[in-house]
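Assemble the complex: chain A is given as a structure, and chain B with the ligands must be docked to it using the hints.
First to last, the sequence lines map onto chains A and B.
Letter 238 of the first sequence, counting from 1, is numbered 238 in my numbering, and no numbers are missing.
Letter 1 of the second sequence, counting from 1, is numbered 1 in my numbering, and no numbers are missing.
FYI, nobody ran anything at the bench for these hints, they're computed from the structure.
Every residue, glycine too, gets a C-beta built ideally from N, C-alpha and C.
Check each hint, because a few of them may be wrong.
Stated by the list, open to error - Short derived list, chain B residues pointing at chain A, Cβ under 10 Å: (1) F82; (2) Q85; (3) I276; (4) G296; (5) M304; (6) V313.
What the hints assert, rightly or not - Here are the computed distance ranges between Cβ atoms for each label pair: (7) A:N231 to B:K94: 29 to 39 Å; (8) A:E260 to B:K94: 24 to 34 Å; (9) B:G296 to A:E132: 33 to 43 Å; (10) B:I362 to A:G104: 44 to 54 Å; (11) A:D34 to B:V264: 41 to 51 Å.
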Amino acid sequence: MKIGIPRSLLYFYYYPLWKIYFEELGIEVVTTPDTSKEIIDLGVKNSVPELCVPVKAYIGHFIKLLDMGVDYIYAPRFVSILKGQYFCPKFMGLPDMIRHSFDGVEDKMLIPMIHAQNDNIAEYKNFKFMEERFGVSPKANKLALGKAEKVWLEFRNSSLRGHTAQEAADMILNKPENHITATNRNPVKIGVLGYVYNLYDPYISMDLVKKLQSMDVSIKTFEMMEEKDLNKQLKKMSKNLFWTFSDKLLAAGYSFYEDEEIDGVIHVTAFGCGPDSMLGKLLEIDSTNYAKPFMTIRVDEHSGENHLQTRIEAFVDMIKRKKMKTRRGA
Amino acid sequence: MKVSFPYMGTTIVYKKLLELLGHEVIMPPKPSQRTINLGVKYSPEFACFPLKVIMGSYIEALEAGAEVLVTSGGHGPCRAGFYEQVHRRILEEKGHTVDFIVFNSMFRDFKQFYSNIKKLKDKNSWLKVIKSLWLVYLMINKLDILEKEVQRIRAYEVKRGETTKVWESIQKDFDTVRNKVQVMAAYDKGRKRLADIKTYEVKEDRKLRIGIVGEIYVVMEASINMKMEELLGNMGAEVERSQYLSQWVAYNALPSFINKTHEVDIIKAGEPFIPINIGGHAKQTVGHIADYGERGFDGVIHLMPFGCLPELVSQSIIPKISQQYDIPVLTLSIDEQTGTANNLTRVEAFIDLIRGKRMKKIS
Ligand code: SF4
Ligand code: SF4
Numbered sequence: 001m002k003i004g005i006p007r008s009l010l011y012f013y014y015y016p017l018w019k020i021y022f023e024e025l026g027i028e029v030v031t032t033p034d035t036s037k038e039i040i041d042l043g044v045k046n047s048v049p050e051l052c053v054p055v056k057a058y059i060g061h062f063i064k065l066l067d068m069g070v071d072y073i074y075a076p077r078f079v080s081i082l083k084g085q086y087f088c089p090k091f092m093g094l095p096d097m098i099r100h101s102f103d104g105v106e107d108k109m110l111i112p113m114i115h116a117q118n119d120n121i122a123e124y125k126n127f128k129f130m131e132e133r134f135g136v137s138p139k140a141n142k143l144a145l146g147k148a149e150k151v152w153l154e155f156r157n158s159s160l161r162g163h164t165a166q167e168a169a170d171m172i173l174n175k176p177e178n179h180i181t182a183t184n185r186n187p188v189k190i191g192v193l194g195y196v197y198n199l200y201d202p203y204i205s206m207d208l209v210k211k212l213q214s215m216d217v218s219i220k221t222f223e224m225m226e227e228k229d230l231n232k233q234l235k236k237m238s239k240n241l242f243w244t245f246s247d248k249l250l251a252a253g254y255s256f257y258e259d260e261e262i263d264g265v266i267h268v269t270a271f272g273c274g275p276d277s278m279l280g281k282l283l284e285i286d287s288t289n290y291a292k293p294f295m296t297i298r299v300d301e302h303s304g305e306n307h308l309q310t311r312i313e314a315f316v317d318m319i320k321r322k323k324m325k326t327r328r329g330a
Numbered sequence: 001m002k003v004s005f006p007y008m009g010t011t012i013v014y015k016k017l018l019e020l021l022g023h024e025v026i027m028p029p030k031p032s033q034r035t036i037n038l039g040v041k042y043s044p045e046f047a048c049f050p051l052k053v054i055m056g057s058y059i060e061a062l063e064a065g066a067e068v069l070v071t072s073g074g075h076g077p078c079r080a081g082f083y084e085q086v087h088r089r090i091l092e093e094k095g096h097t098v099d100f101i102v103f104n105s106m107f108r109d110f111k112q113f114y115s116n117i118k119k120l121k122d123k124n125s126w127l128k129v130i131k132s133l134w135l136v137y138l139m140i141n142k143l144d145i146l147e148k149e150v151q152r153i154r155a156y157e158v159k160r161g162e163t164t165k166v167w168e169s170i171q172k173d174f175d176t177v178r179n180k181v182q183v184m185a186a187y188d189k190g191r192k193r194l195a196d197i198k199t200y201e202v203k204e205d206r207k208l209r210i211g212i213v214g215e216i217y218v219v220m221e222a223s224i225n226m227k228m229e230e231l232l233g234n235m236g237a238e239v240e241r242s243q244y245l246s247q248w249v250a251y252n253a254l255p256s257f258i259n260k261t262h263e264v265d266i267i268k269a270g271e272p273f274i275p276i277n278i279g280g281h282a283k284q285t286v287g288h289i290a291d292y293g294e295r296g297f298d299g300v301i302h303l304m305p306f307g308c309l310p311e312l313v314s315q316s317i318i319p320k321i322s323q324q325y326d327i328p329v330l331t332l333s334i335d336e337q338t339g340t341a342n343n344l345t346r347v348e349a350f351i352d353l354i355r356g357k358r359m360k361k362i363s
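Bound-form chain A, shown alone (with noise of 0.2 Å):
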């Protein structure tokens, strides 16, 4: 048996998880190519227009998995990871857009809901789907998600290291490395905002992170962060914006304005998102207060990528002076 998974949204927070859970039960796993013009144009074409990239993204790539002869597509409903905080509504409807959109889809889909404690999903309850719908036994069940939990927190572990998300997917699933790790002696510093199917989505965020690293930037990112860690600084706001995600973002963002170590923060958005349109504008007012740069980086499905890279350099450049400046004068 095959089942898909397209390379899109959360598949880059758990793919590890995924993977392993289903090789484990003896499934082969099939995933979409990176995501590329060609996905993106299919994605377009099959939504409605106002749909953020991600989302558009998403369908793309569901699509692109039915040509590639897979016998069902995992396409998880993202319900909550966090008492009393949901995911987005695009997230969560997610499964609906696609099912009612093509006809026959819905038989190949396997919709389990997720619902969980905090943002480790590896609750028996979300994976009991198999049993009741391929006979899976209880007990292979459960020792396959064993297994693949134990790579996931490997590969959270890996991140509150210092990787991201993606440089610890590829060290646990052992691909080649390929990317330039991050080393602590880097001048600059920077706090990268985002959520992760648009920062390590290639096409998305055009490699953004690749680009800071390549200019001798080290970064930090939500999921380098513990979790509790975050919840902390949640708690000291008087209500959080509901969107575990976002919130994590938020939480990662106050919590960069109040690190010493970091120079500056870069906030990666998709075009209509409507979460972080609330999330930047408290950021951004709140940057001055903090004196520390904040620049945002608004991505879409036309984004181009020359611009990209003088706005960044402008930026990091900017901070170097400034870090030159007040090492001068002290």
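Frame of chain A, contents of chain B with the ligands only:
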């Protein structure tokens, strides 16, 4: 306290409640181009449109001297719950100091609900508060009955614009009521005045009925949705909205186990399409479309704020529902540019389409 609130739909009822409790009410002006411009200027670019209009509305209320803003926090996982945070910060940034009283459903957080009520209660006795709430609830119910009548008659009025004028003056009458007897008197007078409007006779099988669904703010607030109800009425269609204040109150004020409101059925009707609550009113939107389809309506206008997260999900699913129930649906996304000739043309074309469909059915 000089109190104000966001402008939405039949505002006199909020005004009345606050007045009954002895507050000085600063009526927010009806959203105008200026309101929208102010809102757009001071809000995040990609904030949803209701947030922007309400932003503008607050600024205008503060200009008029308001000190306290009362609003509902909205519930369920969408941005509305976060509005007040963003509004507050932006207003502070602009140099205004203002207090917010944010109501959430009393079943979610009774303590907060209670403390909010206490703030508004001021020196009034609890009996007075309960009486006021009850009077306002009665008023909402009566106004909604009249409004539904307005939405029906408008399609057949002989003198264009008469129904709207009468409706406005009915609302003025309600604005002066102080007790139950006066509410009932205003209601009876209203009924009579509506009945006196001269209308054309239209055969039952030629009547067009259109439902309006979507996100609550753009559905309820005529000044930003091209006065959709009037527009459709003038084109000769009866209109029904997915949301009425009385329903909203009943649905939100009743604990779930005795909640037998129509809203509950609607949500059931939406279930096959969107099984869980994804935030905002998406599930209601699809449920209402199914319901209108079931009830033999001729078409549905779906209104959504530009970029509205949950309504984008409903928009994606609408083609399927529309096909399944054989009911045409037109989605209009509302933002600061709405009301352009282009949208008007789309509505006209839509009405032509359903009228054609209706004619075919008759012959
Ligand atoms: S959080 Fe933003 S980018 Fe992510 S799915 Fe929702 S709208 Fe799109
Ligand atoms: S439902 Fe739509 S308009 Fe309302 S808060 Fe959510 S995104 Fe904004």
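Quick one: which hint numbers does this structure break? Sort them smallest to largest.
The structure breaks hints 4 and 10; every other hint is satisfied.
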